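These protein sequences, in sequence, are chains U and Y. Be aware that the first sequence starts at 0, since it is given in numbering that gives the first Met the number 0, and climbs by one per residue. Be aware that the second sequence starts at 0, since it is given in numbering that gives the first Met the number 0, and climbs by one per residue.
To be clear, the hints were calculated from the coordinates, so they are not data collected in a lab. Nothing here was measured: the structure is a model prediction, and the numbers come from that model. Errors might be hidden in some of the hints.
Since the list gives no way to pick out one identical chain from another, each pair is judged satisfied if it fits inside one copy or across any two copies.
What the hints assert, rightly or not - Pairs of lysine-lysine, DSS-like flavour, derived with a Cα cap of 27 Å:
#1 K152 x K211
#2 K139 x K97
#3 K22 x K212
#4 K154 x K120
#5 K235 x K120
#6 K22 x K202
Each chain is listed here by its residues.
2 protein chains.
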Amino acid sequence: MEDQNERPYVEVCFSPRQFPLYKDPHDIIVVIDVLRATSAICAAFEHGVEAIIPVSSIEEARDLQDQGYLAAAERNGEIVDGFEFGNSPFSYMTERTKGKTVALSTTNGTRAINIAKVSAKTVVIGALSNLDALTDWLIKQERNVLCLCSGWKDKFNLEDTICAGAIADALMSTGNFQSTEDSSIAAKYLYQSARDNYFGFLKSSSHRRRLKKLNLNEDIKFCLTPNQTQVIPILKGDRLTLLNQE
Amino acid sequence: MEDQNERPYVEVCFSPRQFPLYKDPHDIIVVIDVLRATSAICAAFEHGVEAIIPVSSIEEARDLQDQGYLAAAERNGEIVDGFEFGNSPFSYMTERTKGKTVALSTTNGTRAINIAKVSAKTVVIGALSNLDALTDWLIKQERNVLCLCSGWKDKFNLEDTICAGAIADALMSTGNFQSTEDSSIAAKYLYQSARDNYFGFLKSSSHRRRLKKLNLNEDIKFCLTPNQTQVIPILKGDRLTLLNQE
Chain U
0 MEDQNERPYV EVCFSPRQFP LYKDPHDIIV VIDVLRATSA ICAAFEHGVE AIIPVSSIEE
60 ARDLQDQGYL AAAERNGEIV DGFEFGNSPF SYMTERTKGK TVALSTTNGT RAINIAKVSA
120 KTVVIGALSN LDALTDWLIK QERNVLCLCS GWKDKFNLED TICAGAIADA LMSTGNFQST
180 EDSSIAAKYL YQSARDNYFG FLKSSSHRRR LKKLNLNEDI KFCLTPNQTQ VIPILKGDRL
240 TLLNQE
Chain Y
0 MEDQNERPYV EVCFSPRQFP LYKDPHDIIV VIDVLRATSA ICAAFEHGVE AIIPVSSIEE
60 ARDLQDQGYL AAAERNGEIV DGFEFGNSPF SYMTERTKGK TVALSTTNGT RAINIAKVSA
120 KTVVIGALSN LDALTDWLIK QERNVLCLCS GWKDKFNLED TICAGAIADA LMSTGNFQST
180 EDSSIAAKYL YQSARDNYFG FLKSSSHRRR LKKLNLNEDI KFCLTPNQTQ VIPILKGDRL
240 TLLNQE
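Next comes chain U alone, as it looks inside the complex:
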């Protein structure tokens, strides 16, 4: 019998602040920011964007804008002054971004991507919208996976955790992965409670309330609808591109 401990792990980290406590170095990190950065990134690739350069600060986004890139910046759910786009998935469904490279800075998601890239061999983008495509690919890799939830300003958030729990659940159910962290077990339980009705389950989540106040109900609905796309954005150097799957 194969040694159970030889199976690759799939773990869930609730926020960038908790990230240093998890095993290092990492093999594959899945960065998740369901409302809305990683959902927007998936939508952008689905609609033909060429590449996305995730930057942590607004200044970096402005620099790239000055260099001629399309640039997007969001803070606290709103588009930052001087930028055309924020992180609404619908911003990236137009001819305007097709075939282009976009610099993107968001409150939580792009920061998490840049934290992840320092210690992982591979960084990919996860959202509910690319869930099945992503998990199918991860299962084939047979490598250690850490799901890094972007959270909200270093705090735990429900929607990222549920997405991470869905990934952990799918990988674990193959029997070829193991989870040892309590955060991973909790994420799976939360996903199992939420899966039949993401919208209802998340109705009291803090970020959903925040976006609702900003009249972003259509965005929320889009971001909480699973499996709308097959794209898997992957980080190559400083930019996200489309993973070419075999």
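Since the structure of chain U is provided, determine the placement of chain Y on it from the hints.
Just chain Y now, kept in the frame of chain U:
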């Protein structure tokens, strides 16, 4: 109609590492370390201990031991060399500790108590074993409550979160408290999934596995049995004493 925002809050913080992100200053903090520090503290008061001095470091526990106090120290589930007791609840059910003051240092729980005391007006001890007594008292206070899970070395853990979720659930169900943090909502969901079978729910938790390896099954069973005592330990100065309820 009463302003809903005037209701006191009940929130859950998953670990000491996340604590600085929560509203400050705090009114009442409930420190929770189900396996096993706060369960042991409740058992100690139930069995007549006079006071417990929670100290963060083993050196402080040794100093107090040198001053003639009974002293207990635990690290990674085991009694530290040179100490008579660790944090097994059964250590405090003997004549040896009755009427005495005990200095106590544990891996997670006593550290959380000392973090809490800096910013809260009132620090009380919560465990599954004093759950109903504690929630009844908290409901009467009508003050803001933060449940601080001790976690495991700054990480999230399941058993503390479930206990915190039980407290949040009880307070919220009166209609007189509000929760706004996603961590609090998640803790309640996890408690609702766990409440009919704590033992089964936690069978894969990391700390339960850790204690099982140390042959501490009886301790686990004790710590996961709710409502064994009416005691509410409360911090007064440098020591925990028994709250005199009206």
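Subject >> Copy assignment of K154 with K120, given that the CA separation must stay at most 27 Å >> reply: both (25 Å within a copy, 24 Å between copies)
Original post:
Taking 27 Å as the upper bound on the Cα-Cα distance, should K139 and K97 be classified as within, between, both, or neither?
Top reply: For K139 and K97, neither the intra-copy (30 Å) nor the inter-copy (60 Å) Cα distance is at most 27 Å.
Subject >> Status of K211 relative to K152 across identical chains (alpha carbons, at most 27 Å) >> reply: Intra 18 Å, inter 36 Å, cutoff 27 Å: intra-copy only.
**OP:** Using 27 Å as the alpha carbon limit, work out where K22 and K212 are close: within a copy, between copies, both or neither.
**Re:** between (38 Å within a copy, 22 Å between copies)
Original post:
For the identical chains here, do K22 and K202 meet the 27 Å Cα criterion within one copy, between copies, both, or neither?
Top reply: Answer is between: at 23 Å across copies they meet the 27 Å cutoff, but 33 Å inside does not.
Original post:
How would you label the pair K235, K120 (within, between, both, or neither) given a Cα cut-off of 27 Å?
Top reply: within (10 Å within a copy, 51 Å between copies)
Hint violations for this structure: number 2 only, all remaining hints satisfied.
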